[in-house]
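One-letter residues, chain by chain:
2 protein chains.
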Amino acid sequence: MLKKVKVTLLDIEEGRPEITLTEADAEELGLHVKDRVRLKSDGKIAVGIVNIASKDLEPGTVLVSHEISELCRLESGQTVELAPARKPSSVAFIKKKMDKETLSKDEFLAIVKDVLENRLSETEIAAFIAALYINEMTMDETEALTRTLAETGEIINFEKRGIFDKHSIGGVPGNKVTLLIVPIVAAAGLTIPKTSSRAITSASGTADTMEVLAPVTFNAEKIVEIVNHVNGIICWGGGVNLAPADDLFIKVEHPLALDPHNLALCSVMAKKIATGTKFLVIDLPMGNGTKIKNIDEAEKYAIDFIELGKRIGIKTECLVTYGDKPVGRAVGPVLEAQEALRALEGEGPSSLIEKSTGIAGVLLEAGGIARKGEGKKKALKLLKSGAALKKMKEIIAAQGGDPNVTSNDLKPGRYKAQIKAESDGYIVGVHNKAVVDIARAAGAPRDKGAGLLLLKSKGYSVHAGDILFEVYSDSKYKLDEAVKLARQHSPIAIEGMLIERIPSYSVLETSKE
Amino acid sequence: MLKKVKVTLLDIEEGRPEITLTEADAEELGLHVKDRVRLKSDGKIAVGIVNIASKDLEPGTVLVSHEISELCRLESGQTVELAPARKPSSVAFIKKKMDKETLSKDEFLAIVKDVLENRLSETEIAAFIAALYINEMTMDETEALTRTLAETGEIINFEKRGIFDKHSIGGVPGNKVTLLIVPIVAAAGLTIPKTSSRAITSASGTADTMEVLAPVTFNAEKIVEIVNHVNGIICWGGGVNLAPADDLFIKVEHPLALDPHNLALCSVMAKKIATGTKFLVIDLPMGNGTKIKNIDEAEKYAIDFIELGKRIGIKTECLVTYGDKPVGRAVGPVLEAQEALRALEGEGPSSLIEKSTGIAGVLLEAGGIARKGEGKKKALKLLKSGAALKKMKEIIAAQGGDPNVTSNDLKPGRYKAQIKAESDGYIVGVHNKAVVDIARAAGAPRDKGAGLLLLKSKGYSVHAGDILFEVYSDSKYKLDEAVKLARQHSPIAIEGMLIERIPSYSVLETSKE
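These protein sequence lines map, in sequence, to chains R and S.
In terms of this note's numbering, the first sequence is residues 1 to 513.
In terms of this note's numbering, the second sequence is residues 1001 to 1513.
Among these hints, one or two may not hold up.
[Stated by the list, open to error] Rough simulated footprint, nothing fancy, chain R against chain S, three-plus residues with beta-carbon under 8 Å: (1) 1115–1128; (2) 1247–1257.
[Claimed, not checked] Pulled a few chain R residues facing chain S out of the computed Cβ check, cut under 8 Å: (3) Glu28; (4) His32; (5) Thr123; (6) Asp247; (7) Leu248; (8) Lys251; (9) Ala257; (10) Arg446.
What the hints contain is simulated information worked out from the structure, not anything from laboratory work.
Predicted model only: the values in this text are computed from it and were never measured.
Cβ atoms here follow ideal geometry from the backbone N, Cα and C, with glycine treated the same way.
Kindly produce the complete structure, drawing on both the sequences and the hints.
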């Protein structure tokens, strides 16, 4: 079955290889919505997913998305041949996983390749993610998929260096520990090339925060050059093509709010294979609004990460950390970068310093820099001595930022609201999710200056009228939105507080230098 | 968070409420692909699924699909307000089913309503179908979903008549038994309002076949009128809005090639609730290429249909039928209508007559027209006496067709190819799927005249040169395609035949009267 049709190019890129036909043309070719259709033009072939236009499309005409027109170098009005195409074989493997069977490495490879080459529809990828969520993967499968995700992407080769790394599982706001850990560990002479993510649902990803201080987007060659020069880097993972299929899975997981346990393991570890990591510390923050809800979950992650690490040659240690309130006081790119820099300069909230040196200490012990049990002390010494600050300045310079930057140079958004306590009492809780929502409403992570500064935190005693937290924004409008949200979902709970009362607030305009 | 943007209307209907933003605008609103966004214009509100345009879209501009522009009566260039919208609550119930919990009727209702009102994305519906497939439904859930599917659609009220019905599970080609059963049962004085489907993957659905003889698209009022008048109807289910959510589920199931067992039960029975059926015979064809592969599966369906029927007040009987080759000899709309009419006129292949009267007989016994064990004999009598033909003519007339039509009036496609046996031997098999594929390649079901006529079938002894089957088509080109397919996948297997030999064929042009 084959049909000649005229193409019209869609003038936007829709992010999927789609061919839109009239219902009659589709029926003639025996095609249904989401079937695959092969388009042939001058010997060039592309396979698209069928969409049916309900009206306003001439019979004998099809709309093609950019993916298709680019592949076949089509022009509007050109005549091409259409024919039904078969499903890729990986669809059968997705079905197999739905049928509770286990998949081999070759089968995962077929799926991952088809995902990368845009041959699977969103519906099929959703079914795959659902199958992985419901019918969990065995550890053999997890290993196979981890290796597959790594091998189908770029591999960064740092040659003979022993690579150290850390990874934080998401959910706790203000977790800028990487900005302390990397310079501490690099200052000790270990190699720590940290690729980080931007915020997806948080107020600031590590890459967003580091970007306040220096560029973060580099290709593999440049990453190797920087790391060879200064032992460490804090860059954006999206600049290199590490485990690219994982990003495509995440695009489907996110709207489904699904995060299959073993796929999360694969996602983290594939990227570590790709950077040649030999020793890894995983930070598992546990608390309200974090991914890890309780100690059983934390232990499950820890055991599985360690087991998977063993299988793929990465010595892994896991730390369950306190995640019931933000790390430090600052949330949002500029505020977090400022707090991290201040800590490197010698001042800073103890929750941030404790956590950062604790994690760095484990890496120092693993790297033979400190004896067992003395890593944290050594990390603290590197911090207090200014060695970590010096290394951070080297890293900032190597990444193309200004090494003379100080914490005082960083300015949050020019509009500020102060949220005050309405009553006396103890602060009994900080709601992580509300903190993030308010910071995002204020403009974070896109507006670097937007965010929250918590002046009082869990365990503090406050009096009516005390400032609980400040909200910063680059726009008066967004600040109002953020404050409105703070009224609806107070992020700080005071014992005995009437939840429904609206906290008073005032808007101050601070001048920008 | 809220943003004013200008809308551009998409000039095709894409079948989903989609709002396409630039990446920067999406980020500003904290939106990701497949999130939901609320569009507000002049007090009218629509919720769309977010799509990100990679290029060629002006910042501050969004593309909206027809669903959105119609709901809000938008014009291109108009300014509207966008804000992130929450996921509908039914997403949590889908997640619950993925987590192996059981759902209540209210939870199914929430999902079905959101499907019907276009509030769930394709990804979310795919996850729901995957969850139903992997974590099967309990019978309580099956009953709840069946009732929900029926109640969220149109209900046809035939008043006090006891409604009889039959349903065939798919997969056996040429299964035109409905065109005999309905007139036989209606001739006996029972009421049988048969709503049928068009072909999805087959060569001719019952509605496609009946349409050769009379119109098949009627609203509920007209169906009641016809049935009150002549006791029976053979119409297209798509003309009425019976269990409409089921059709939307099928749209997702089809590309996934998934058919969750209990959802198949719901799908059949919801439509029977909607037509007020009190007694139902289910035909379960078992054989190569049919949905039911073996007797265990057939029994599972039978037990579950009967149990579900009991719960919803439909007395159900199941018949496992021979499905290892097509029913009768004709496959394709005109050829099947002709064969059915010929059987009503007194001649016809015994496989068709045996099966039709067997099923009709069960209905006659249930309706008190024949004593237990004598239904088939009674059905055969109604057929042989010409009473069924007379009733069929009444039904054709009531549906607006020509009651004077005879089987000889019906003409298949004007191009014909005869496929001959290459060797002597016994026919050991007929491949159902190949038969369907060839008929579809010839143009069925869209081209009513396209199809296959099997001259020799399983069990026959043939000599080299004997005509095995004829292919009909309205187009020479499609006939060639069909014959090419017949070469690749011979639908008739002769004992000792060299499978790879190409059967000879000749093309004859028959003149149309």
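Cross-check of the supplied hints:
A stretch counts as covered by a chain when three or more of its residues have a beta carbon under 8 Å from one of that chain; for the stretch 1115–1128 of chain S and chain R the count is 6, and the coverage holds. Proximity of the stretch 1247–1257 of chain S to chain R, defined as three or more residues with a beta carbon under 8 Å from a beta carbon of that chain, is established by the 6 residues found. For the restraint placing Glu28 (chain R) at the interface with chain S, the shortest Cβ-Cβ distance is roughly 6 Å, inside the 8 Å limit, so the hint holds. Proximity of His32 (chain R) to chain S holds as hinted, the smallest CB-CB distance being about 6 Å (cut-off 8 Å).
A hinted interface residue such as Thr123 (chain R) counts as satisfied when its beta carbon comes closer than 8 Å to some beta carbon of chain S; here the least separation is about 4 Å, so the hint holds. A least Cβ separation of about 12 Å between Asp247 (chain R) and chain S goes past the 8 Å threshold, and the interface hint is therefore violated. Interface hint status for Leu248 (chain R): violated, as the beta-carbon distance to the closest one in chain S is roughly 11 Å, over 8 Å. The closest approach between the C-beta of Lys251 (chain R) and any C-beta of chain S is roughly 6 Å, which is under the 8 Å cut-off, so the hint is satisfied.
Against a cut-off of 8 Å between C-beta atoms, the interface hint on Ala257 (chain R) holds, since the closest Cβ of chain S lies about 7 Å away. A distance limit of 8 Å between C-beta atoms decides the matter here; for Arg446 (chain R) the minimum to chain S is near 5 Å, and the interface restraint holds.
Of the hints listed earlier, those the structure fails to meet are numbers 6, 7, in rising order.
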